[in-house]
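Asker: In the working numbering, each residue's number is its place in the sequence shown (first place is 1) plus 227.
If you're looking for bench data, these hints aren't it; they were derived computationally from the structure.
Keep in mind that a hint or two might mislead.
Stated by the list, open to error - Simulated DEER-style distance windows between Cβ atoms:
1) Glu747 - His588: 48 to 54 Å
2) Tyr1045 - Thr1132: 43 to 49 Å
3) Lys972 - Leu1107: 38 to 44 Å
Owing to the predicted nature of the structure, the values given are computational and were not obtained by experimental measurement.
Positions of the beta carbon are idealized from the N, C-alpha and C atoms, including for glycine.
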Amino acid sequence: MQQLHGLSKLALLNTAGYAKCVIPLDKSSSICAPNNTGKSSVINALQFPLINDLRLTEWDGHDLEETRKFYFNSDQSYILLEADLPHGKVVIGVAGLGKIAGFAHQFFCYNGTLNLDDFTDNKRIVKYTRLFNHLKDKGFNPIELKAQELNSLLIGGATPFDGDINLRMIPLNNVSDAATYKEIFRRMLNLHKLGASDVKRFMMRVFERHMSNAHVDFYEVWQRAFDKVNRARRELNALETMQEPIAALESMLEHQSALKGKLGAYAPKIDLALAEFDTFYEDQHATLAEQLEEITQEKEEFEQKQRLYVQQSRDIERKLTELAAWFNDFDALHGEFELTNSATLQSDLKALKQEYEALSHSLKSAEGQSLHTLDFRIKETQKQIKSLKLQLKNLEYNLFTRMREDLSLKEVEEISRILNPDLLSFATSNGGEINIDDEDAFGAFLTELSQAVRGGELVVPGATISLKKLPVVQMQSGADKAQLSEQLASLERSLDDLKAQREVAADVAGKQAERDALYEQLMAQEAALKRFEQYQVMQRSCDAQQALQESLNGEQEEVDAHLSEVQQNAAGIADRRAIINSKKEALERQKARLQQVKSERLDHTLDFISGKVTPYLIDITFDLDALADTIHGFNKDCQELRNFDINVRNTYLHIYNAGITKFDNESDELSKYQKLISAYHNLDNEREAVNRQARVALTDVAATIKGLRQDLNRLTSEMRLFNQGISEHQISNLKGFKIEVVPRKMLVQSIDTILATSDLYEQGDSLDLLAEQHVHESEVDEAKDQLIKLASDKAGLTLSDLFDIRFEVVNRAGDTEYFDKIDSAGSNGTRITIKLLCGMLFIRHLLSDKEKSQYRVPLYIDEAADIDPQNQQAIIETALSFGFVPIFASVKPQISCDYIVPIRTLGDGKQNWVDEKDWIRVENEELVS
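With these hints in hand, go ahead and build the complete structure from the sequences.
Answerer: Written as structure tokens, this is what we have:
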């Protein structure tokens, strides 16, 4: 057997739960260990160096973050491959960068043999940061690669390192197939997940270079092709149903043309008439203004006279009013003072004033004095009055006089001390004025008092009385009579004052009211006295005032006569002025009316020239008095023309909304309307044009989907050649194997119907529903609906939608079976065989014909124990014949393989270990037995 080049060894260091793992890739091998030990982790590690684009990898349901952490938890984690290539051995490595780098990894390679001792130093794994220096010390020249650079080196693409190293081991026909190769290779590492849908997808990817890769949104294609046709049909139907509105539109356009001609003739004439009216208005306005000026001057003269007479009349009337008021005042004063005189009024005023002053004095004196105090003072005053009256009565014959006859004045005064009434108020206590030694003797001696008074002391038996502090009693003599009378009169006046004060104190509020009343009477009396003086003055001028009144009445009559005459003349002026103002107002109203109708003119906004215009041949004349009415009628015609424009547009819009839109892109309105009316008069021609458009549209649709149908034919042809190539090889335990392309009948027939009908139309057939060949259209509609439904469900049609695949399997007994799904095939061995064949054949088809038999590719078969040894041996032989090296994984070793690779555990099962020393070489004799 020819020696194959390619991968020869896979090694893991400190990664994926392995302290160390080395497995052969150049011979079939059986990796054996209990379940969940990490068999799949070893094979999946191949995805890092060989697929190297993590977007295309698959990790048994784990995400990329978990996967990177699992394989590259440390910067001492390595995945290493050894490849035996035509020019020698090479090593491809993937190194972990550790947690600090986010569990990223780095690719590298070098020429040489893989020896794991090269990655250790003193039995410790070398960190990647020191690895290159370490390898260089051992004589290697490592190269750091990016993922894209490694990919290019593997498939033979151009890189900056082509002169340093050659890693080409995947000899593709075309480097652009690298992504397809990686996707198929990934599935071969997970054969248990490979299904019919994957096979169909791989088939499309492998042969896509021979296909157009068309993606047809049939609904969009049909709608785009038949959009104009459907629109034209809708417009034709609308044209047939809108015949009455189109006829109305034609009539309106005729009326509009005639109205344009009339208004176009009137507009310049109206402008001339308006200019003529402006001249007429200015002349009339000036004449009326001059007449008004003359009347105004005449009116002002009369008004000036009127103002003079009115002012004179008012002055006379004011003076007469003042005189009437004067006579009224005089009559009132005469009635008041006719029976009195000035002396009487003065006497009454004086009496009131005295009474008021006396009451005011009493009120002032009574302030702050109680009734008890006043009563006491009244009694004291009465005593004094009584004493003075007694003295005055006995002034000539009293005791004092008699005692003076016998005693000196000094002696009489000493004796009089004991008669002082204050004597009785002297104290009789110790230290007082009176010291009583013997009460009895004092009482007996009182009778002898007059004889015992000497030297200011009264000496009586048993007592001594000091009289020095007592005043001497003043006694009056006959010479003091006038003085006594005066004192008596003064005391009587004081007594009257005290009584008045006592009366006031008893009723203060009443007396104050009485005083206020007296004050008012006093003021009234003073006012009466002044009015009396005024009466005397008026009485003296009464005759002169009567003469003045008579004179003013005469003047009043004269002024009133002049004023009446002036007012009559002014009324005539007002009438003439009113007539002129009326004419002026009529002229202004006429002008305002013209201004109003002029402002309502619409002709400047209308177009009387463009489009169709019917000339107006009637002569036009104007009456200035009726000019406003003429312009008003002109404006109504303009409004009617505008309404015609609106009605025409609305009618056209109604027709447009009914579905006739193809004339809307015309350059001007008239062309649009004329073409619409022309189409209305030529319906047969419109129908024929729609039929021609339909034939062209169907041809366009057919041209679009024809590529899909051709792709299906090409794929069928390619798969026929592909299956012929399969038959040239021994296929495991099968006699024959094919992958058949099964067209989806309904879909393909629908496409064929449209293509066949299009061919007929190109040969001259008609799509008219009334033609004899109308049966084609119903078939086309049915095919169209079918394609639109399928295309809508799948968001467009592709080649993949046109067919399914089927697997034809011929066993050794010659029995043929067909399977739509791989997993529905009979035995597990048959299923594995079909999956392997599909993967190997597609990868082989991607490889260069000259080199595909020179390189080997590893493939992975899990749960290999489920395949009997005979089928295992057949699978191995088939794989090797196609250039693939199978790697079995199972709990128990499979002796069909060249090597048995058991997985050991270290450190209480925490880490796995596989060394080359652990490999068990299976001899052929053992296999035969």
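Asker: All hints, please: hold or fail.
Answerer: Results of checking the hints against the structure:
no.: 1; hint: Glu747 - His588: 48 to 54 Å; verdict: 19 Å, violated
no.: 2; hint: Tyr1045 - Thr1132: 43 to 49 Å; verdict: 46 Å, holds
no.: 3; hint: Lys972 - Leu1107: 38 to 44 Å; verdict: 41 Å, holds
Going through the hint list in order, the structure does not satisfy hint 1, though it satisfies all others.
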